[in-house]
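Q: Please put together the full structure from these sequences, using the hints given.
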Amino acid sequence: MNKNRFGSVVLDASVVAKLLTKEQGSGKAAILLKNLIKQKRVIVEPHFLKIEIYSLIRKKISLKDIHLKQGQQALSLFNQLAFDYFVESNDLLNISFSLAKKMSQTVIYDCLYLSLAQTKKAKFITADLRFLKQARKIYSQSFSLADKIKF
Amino acid sequence: MITMSNIQVINATKARNDFFNLLEKSFLKKRSFLIKKSNIPMAYIVPINVVEDQKESQLALLERVRKLRESMTPTTNSTSLLRKMRRYE
Numbered sequence: 001m002n003k004n005r006f007g008s009v010v011l012d013a014s015v016v017a018k019l020l021t022k023e024q025g026s027g028k029a030a031i032l033l034k035n036l037i038k039q040k041r042v043i044v045e046p047h048f049l050k051i052e053i054y055s056l057i058r059k060k061i062s063l064k065d066i067h068l069k070q071g072q073q074a075l076s077l078f079n080q081l082a083f084d085y086f087v088e089s090n091d092l093l094n095i096s097f098s099l100a101k102k103m104s105q106t107v108i109y110d111c112l113y114l115s116l117a118q119t120k121k122a123k124f125i126t127a128d129l130r131f132l133k134q135a136r137k138i139y140s141q142s143f144s145l146a147d148k149i150k151f
Numbered sequence: 152m153i154t155m156s157n158i159q160v161i162n163a164t165k166a167r168n169d170f171f172n173l174l175e176k177s178f179l180k181k182r183s184f185l186i187k188k189s190n191i192p193m194a195y196i197v198p199i200n201v202v203e204d205q206k207e208s209q210l211a212l213l214e215r216v217r218k219l220r221e222s223m224t225p226t227t228n229s230t231s232l233l234r235k236m237r238r239y240e
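Taken in order, these protein sequences are the chains called X and R. Numbering of the first sequence is given in my numbering, commencing with residue 1 and proceeding in unit increments. Numbering of the second sequence is given in my numbering, commencing with residue 152 and proceeding in unit increments.
To be clear, the hints were calculated from the coordinates, so they are not data collected in a lab. Check each hint, because a few of them may be wrong.
[Stated by the list, open to error] Calculated cross-link-like contacts (lysine-lysine; reagent style DSBU-like; alpha-carbon spacing at most 35 angstroms): (1) X:Lys133 <-> X:Lys121; (2) X:Lys28 <-> X:Lys121; (3) X:Lys40 <-> X:Lys50; (4) R:Lys235 <-> X:Lys133; (5) X:Lys121 <-> X:Lys101; (6) X:Lys69 <-> X:Lys59; (7) X:Lys64 <-> X:Lys150; (8) X:Lys121 <-> X:Lys150; (9) X:Lys28 <-> R:Lys176; (10) R:Lys206 <-> R:Lys188; (11) R:Lys176 <-> X:Lys120; (12) R:Lys188 <-> X:Lys121; (13) R:Lys187 <-> X:Lys120; (14) X:Lys38 <-> R:Lys181; (15) X:Lys40 <-> R:Lys180; (16) X:Lys50 <-> X:Lys148; (17) X:Lys50 <-> R:Lys188; (18) X:Lys133 <-> X:Lys150; (19) X:Lys34 <-> R:Lys206; (20) X:Lys69 <-> R:Lys218; (21) R:Lys181 <-> X:Lys50; (22) X:Lys38 <-> R:Lys218; (23) X:Lys120 <-> R:Lys165; (24) X:Lys121 <-> X:Lys22; (25) R:Lys235 <-> X:Lys59; (26) R:Lys206 <-> R:Lys187; (27) R:Lys235 <-> X:Lys50; (28) X:Lys50 <-> X:Lys38; (29) R:Lys165 <-> R:Lys187; (30) X:Lys64 <-> R:Lys187; (31) X:Lys137 <-> R:Lys206; (32) X:Lys34 <-> R:Lys235.
A: Printed below as a string of structure tokens:
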């Protein structure tokens, strides 16, 4: 049995957002998701992803980037994506807090995704290259949308 | 899609003792099981077709997302918006 077949992935909100709205990098995010689904990867996410995506769609509507109906459709489709959500436990929050300190981050939002990836021994994928640069120093299984990811 | 209404919850000891029976029920009768240890959900046993069906439905979902994206004009970069929302900038 190929044990890598069961490798899981944590996607930062920056990747999921690119899938849902048209912007630079949307194509790469779509290809990534398609490959992950075809390979039957488990996509693990903190519940916080929902708050970020809902906020982001609201923001894009308020910026008049997208219409209200498009935003509602995006959220409806987002809710049907088969992500395995984890509620942020005290342990996970504490790990995120420690990572944020190590990485000199003033907030823990990004570290929440990174700590979940670390805890689940999953690959962490983000579109935020500034965060990625630091994340790689802490967790080698951190990737960008442009990386070729081997499982 | 797997829903809690069609999943039988069983504890890990029973799952261990009854494993081949559960495997057969899953394969032949298309039953799904959630295995708990110390009341913590640990694993599922689900029919193989559930996984295959989910893959197909998720790929179809991605196609609907693609069509929605195509209906949009290019939007603000989400990475920079998220950085602002996360109070980095």
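Q: Next step is simple, just say for each hint if it's right about the structure.
A: Now the hints, each set against the structure:
Straight-line distance between C-alpha atoms of lysine 133 of chain X and lysine 121 of chain X comes to about 19 angstroms, which keeps the hinted pair within the 35 angstroms bound. Between the alpha carbons of lysine 28 of chain X and lysine 121 of chain X the distance comes to roughly 23 angstroms, so the proposed pair stays at or under 35 angstroms and holds. Only pairs whose Cα atoms come within 35 angstroms are accepted, and lysine 40 of chain X paired with lysine 50 of chain X is accepted, the gap being roughly 22 angstroms. Between lysine 235 of chain R and lysine 133 of chain X, the direct Cα distance comes to roughly 18 angstroms. Compliance with the 35 angstroms bound is thereby established for this hinted pair.
At most 35 angstroms may separate the alpha-carbon atoms for a hinted pair to count; lysine 121 of chain X and lysine 101 of chain X meet this at roughly 21 angstroms. A threshold of 35 angstroms between alpha carbons decides the hint, and for lysine 69 of chain X with lysine 59 of chain X the separation of about 14 angstroms falls inside it, so the pair holds. Using a Cα cut-off of 35 angstroms, the hinted pair lysine 64 of chain X and lysine 150 of chain X is violated, with the two alpha carbons roughly 38 angstroms apart. A threshold of 35 angstroms between alpha carbons decides the hint, and for lysine 121 of chain X with lysine 150 of chain X the separation of about 14 angstroms falls inside it, so the pair holds.
A distance of roughly 41 angstroms separates the Cα atoms of lysine 28 of chain X and lysine 176 of chain R; the hinted pair therefore is violated under the 35 angstroms criterion. This hinted pair checks out: lysine 206 of chain R and lysine 188 of chain R have alpha carbons roughly 28 angstroms apart, not beyond 35 angstroms. About 30 angstroms separates the Cα atoms of lysine 176 of chain R and lysine 120 of chain X, which keeps this hinted pair within 35 angstroms; it holds. Simply put, lysine 188 of chain R and lysine 121 of chain X have alpha-carbon atoms about 21 angstroms apart, close enough for the 35 angstroms limit, and the pair holds.
Between lysine 187 of chain R and lysine 120 of chain X, the direct Cα distance comes to roughly 18 angstroms. Compliance with the 35 angstroms bound is thereby established for this hinted pair. The straight-line distance between the Cα atoms of lysine 38 of chain X and lysine 181 of chain R is roughly 22 angstroms, inside the 35 angstroms bound, and the hint therefore holds. Restraint check for lysine 40 of chain X and lysine 180 of chain R: satisfied, since their Cα atoms lie roughly 23 angstroms apart, inside the 35 angstroms limit. A distance of roughly 27 angstroms separates the Cα atoms of lysine 50 of chain X and lysine 148 of chain X; the hinted pair therefore holds under the 35 angstroms criterion.
The straight-line distance between the Cα atoms of lysine 50 of chain X and lysine 188 of chain R is roughly 28 angstroms, inside the 35 angstroms bound, and the hint therefore holds. Proximity of lysine 133 of chain X to lysine 150 of chain X is assessed by CA-CA distance (about 19 angstroms); at most 35 angstroms being required, the pair is judged to hold. Between lysine 34 of chain X and lysine 206 of chain R the alpha-carbon distance is near 10 angstroms, which keeps this suggested pair within the 35 angstroms criterion. Between lysine 69 of chain X and lysine 218 of chain R, the direct Cα distance comes to roughly 14 angstroms. Compliance with the 35 angstroms bound is thereby established for this hinted pair.
Taken as a hint, the lysine 181 of chain R and lysine 50 of chain X pair is honoured in the structure, with Cα atoms around 31 angstroms apart against an allowance of 35 angstroms. Simply put, lysine 38 of chain X and lysine 218 of chain R have alpha-carbon atoms about 19 angstroms apart, close enough for the 35 angstroms limit, and the pair holds. The hinted pair formed by lysine 120 of chain X and lysine 165 of chain R meets the criterion: a straight-line CA distance of about 26 angstroms does not exceed 35 angstroms. With a CA separation close to 31 angstroms, the supplied pair lysine 121 of chain X and lysine 22 of chain X stays within the 35 angstroms bound.
Among the hinted pairs, lysine 235 of chain R with lysine 59 of chain X is consistent with the structure: their alpha-carbon atoms are about 11 angstroms apart, no more than 35 angstroms. For the proposed pair lysine 206 of chain R and lysine 187 of chain R, the alpha carbon gap of about 25 angstroms is at most 35 angstroms, so the pair holds. The suggested pairing of lysine 235 of chain R with lysine 50 of chain X holds, with an alpha-carbon distance near 17 angstroms, which does not exceed 35 angstroms. Restraint check for lysine 50 of chain X and lysine 38 of chain X: the C-alpha separation of about 23 angstroms stays at or below 35 angstroms, so the hint holds.
Restraint check: the Cα-Cα separation between lysine 165 of chain R and lysine 187 of chain R comes to about 10 angstroms, which is no more than 35 angstroms; the hinted pair holds. Of the pairs offered as hints, the one joining lysine 64 of chain X and lysine 187 of chain R is violated, with about 47 angstroms between alpha carbons and a cut-off of 35 angstroms exceeded. Taken as a hint, the lysine 137 of chain X and lysine 206 of chain R pair is honoured in the structure, with Cα atoms around 34 angstroms apart against an allowance of 35 angstroms. Proximity of lysine 34 of chain X to lysine 235 of chain R is assessed by CA-CA distance (about 28 angstroms); at most 35 angstroms being required, the pair is judged to hold.
Of the numbered hints given earlier, the model fails hints 7, 9 and 30; all others are met.
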